[in-house]
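Colleague: Starting from the structure of chain C, add chain L where the hints point.
Keeping their order, the protein sequence lines are chains C and L.
Positions 139 to 395 (our numbering) are the ones given, in order, by the first sequence.
Positions 918 to 1247 (our numbering) are the ones given, in order, by the second sequence.
Keep in mind that a hint or two might mislead.
As the list claims (entries may be wrong) - Straight-line distance between alpha carbons at most 27 Å, and here's what the computed DSS-like set of lysine-lysine pairs gives:
| hint | chain 1 | residue 1 | chain 2 | residue 2 |
| --- | --- | --- | --- | --- |
| 1 | C | Lys281 | L | Lys923 |
| 2 | C | Lys365 | C | Lys376 |
| 3 | C | Lys332 | C | Lys281 |
| 4 | L | Lys996 | L | Lys926 |
| 5 | L | Lys926 | L | Lys1081 |
| 6 | C | Lys200 | C | Lys144 |
| 7 | C | Lys324 | C | Lys376 |
| 8 | C | Lys281 | L | Lys1180 |
| 9 | L | Lys1231 | L | Lys1180 |
| 10 | C | Lys190 | L | Lys1027 |
| 11 | C | Lys213 | L | Lys1027 |
| 12 | L | Lys1231 | C | Lys281 |
| 13 | C | Lys365 | C | Lys307 |
| 14 | L | Lys1027 | C | Lys281 |
| 15 | L | Lys1081 | L | Lys996 |
| 16 | L | Lys1203 | L | Lys1081 |
| 17 | L | Lys1231 | L | Lys926 |
| 18 | C | Lys324 | C | Lys281 |
| 19 | L | Lys1028 | C | Lys190 |
| 20 | L | Lys923 | C | Lys260 |
| 21 | C | Lys144 | C | Lys213 |
| 22 | C | Lys190 | C | Lys200 |
| 23 | C | Lys213 | C | Lys260 |
| 24 | L | Lys1203 | L | Lys923 |
Said to hold, decoys possible - Here are a few chain C residues that face chain L, going by a calculated C-beta distance under 8 Å:
| hint | residue |
| --- | --- |
| 25 | Thr186 |
| 26 | His209 |
| 27 | Lys213 |
Keep in mind the hints are simulated off the structure, nothing from the lab.
Note that beta-carbon positions come from the ideal geometry of N, C-alpha and C, so glycine has one too.
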Amino acid sequence: MLEITKLSKHFGGLMAVRDLDISVNRGDITGLIGPNGAGKTTVFNLITGFIKPSKGNIVFEKSTITGLSPHIVSKSGIVRTFQDESFLSDLTVMQNIIVAQYLHPKTGFLEALFNSTGYRRKETYALRRALEILEFLGLEYFKNELAQNLPHGYQRLLGIAIALSANPKLLLLDEPLAGMNASEVKQALELIRKIRASGTTILIIEHNMTAVMQLCEHIVVLNFGQKIAEGSPEEVSKNSEVIEAYLGVKKNVAQIK
Amino acid sequence: MNNNTKLIKTAAYIVFIIFLFLIPIFTAQGYFMHVLIIIGINIILASSLRLITCTGQFSLAHVGIMAIGGYLSALLATKLNLPFWITFPIAGIAAALLGLIIGYPFVRVKKVYFAMLTLFTSEVIRNVIIEFKDLTGGATGLMHIPPPNPIVFLGLINIDFTSKVSYYYLVLITLLITLIFLYRIEVTRTGAMFRAIQQGDSIPESIGINTTNYKVLALVIGFFFAGIAGSLSAHYYTVLSPSSFTILQSVYILVYVIVGGRKSFSGAILGAFILTVIPEIFRTFKEYQPIIFVAILFLIIFFQPQGLYGLCAKAGSYISRIWKRRVAHA
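Pulled out of the complex, with its shape left as it was, chain C reads as follows:
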């Protein structure tokens, strides 16, 4: 579904991402892991067009999306969430979702201005769909609350809800579990599975290893902007390079002595 080939990005002399190949299969949950600063979020930024790649190619559903503007990339069906502030804090939860449905259904400025019957029909549709999404994520209780007043766990959910309302084919989740407690993590994992079951492919960055191992069919490990391993959770967790990257190199005890 998504094919990334030879993707590179350098900021001045710093190679943030180097010759990266990733492919995401339709219907999978693919994990993107690696130590801090490995370039995971940069990869997300490159895919969604927030940063233009220095080299390489990104193909989504047979069309090249390399270097397109973010709003065009999201129209093609790739929608991401953000690590921090992934929602519009001054709007209510409901307004957040309604704004996020901007493209589905598309409403014109003029028909909104003159309150045409078409516009009103689309508005009722948008309202109904917003409620559906909120129910799906268990947020309907907070629908009239300002987004900034939500508890942290629900704010993260709202970020996902906004992304979902844009009808993604491929959803990129950037550390969706950060800062959640054990029970919230459990709920969130269930939810991510539910999203996949509804037909959305998922690419996820996450530091919570137990969660990643449970969730993903396929895992890509990055370190210093390069792919060091790839495969099923079992394969990756046994890979010596991955263990090295996460835990450091084993020193020969005899040598130190």
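Modeller: Positioned in the frame of chain C, the structure of chain L alone reads:
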């Protein structure tokens, strides 16, 4: 309950609008009408500027755009003898077109940089007007701008706009149309889009919103009404001079918006109203007007960041609380 309050609100608005139309019957005193006309024009300016600030951009070009509308309308009327009813919309459309042209390069920069760009644009427009002496009359300005042409309908109705009362009606109707238009934008999805963009580009972009287009749209609509206001004021005063389009005037309009309360639709209306009335009351201290404005601005920023509208809302909720307590006791 909810339906009832909505009905009462609508009724109150209609009664108030009828009252506005009836004012000249009670008093048609020239000075009073003059103040009302100025208030109307200032409300158009403040409300349209507020729309631009809704997308997080602080434009200081409003008075420059107003000058373009005013001068264009006046020149078309004096040099080409076009009737006001044609030059009036042209002023707005030309200003909107300018917004479209400068919008795309301008919205690439943000916050302070955007404010600086628009500030200099305004000054450039003023200087161009001063330099093109042959056309614009230079620093002395344009004179003998005709008032709007009389409306003659089948020889039965004959409205001419030389009197202040008829001009008051012209401004009032323009103002109502402007406010209805801007209010529709505010409550529909476009308004929500503007508020979303105000909080940063990345989330709207990530869900498919072309933030650049929306920012330019806000600019185009705002400029349109600034041009309209320029034309209205040019044909009202019948003279135009570059000295009335200085940076200070642009800042004043922004002060109307901030003092009134930037976050609410009524805020800009309230701010423009009060800050037009206060200088008229203290007319004898005209040279101290900037000081009075700064004092009000400081008080508002420090003690009531939500603006006068926030103050009114607070007072309103306080009164309704007391009222409910009374009712409960009785």
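Colleague: Taking the earlier hints as the rules, which of them does this structure contradict?
Modeller: 4, 5, 14, 24
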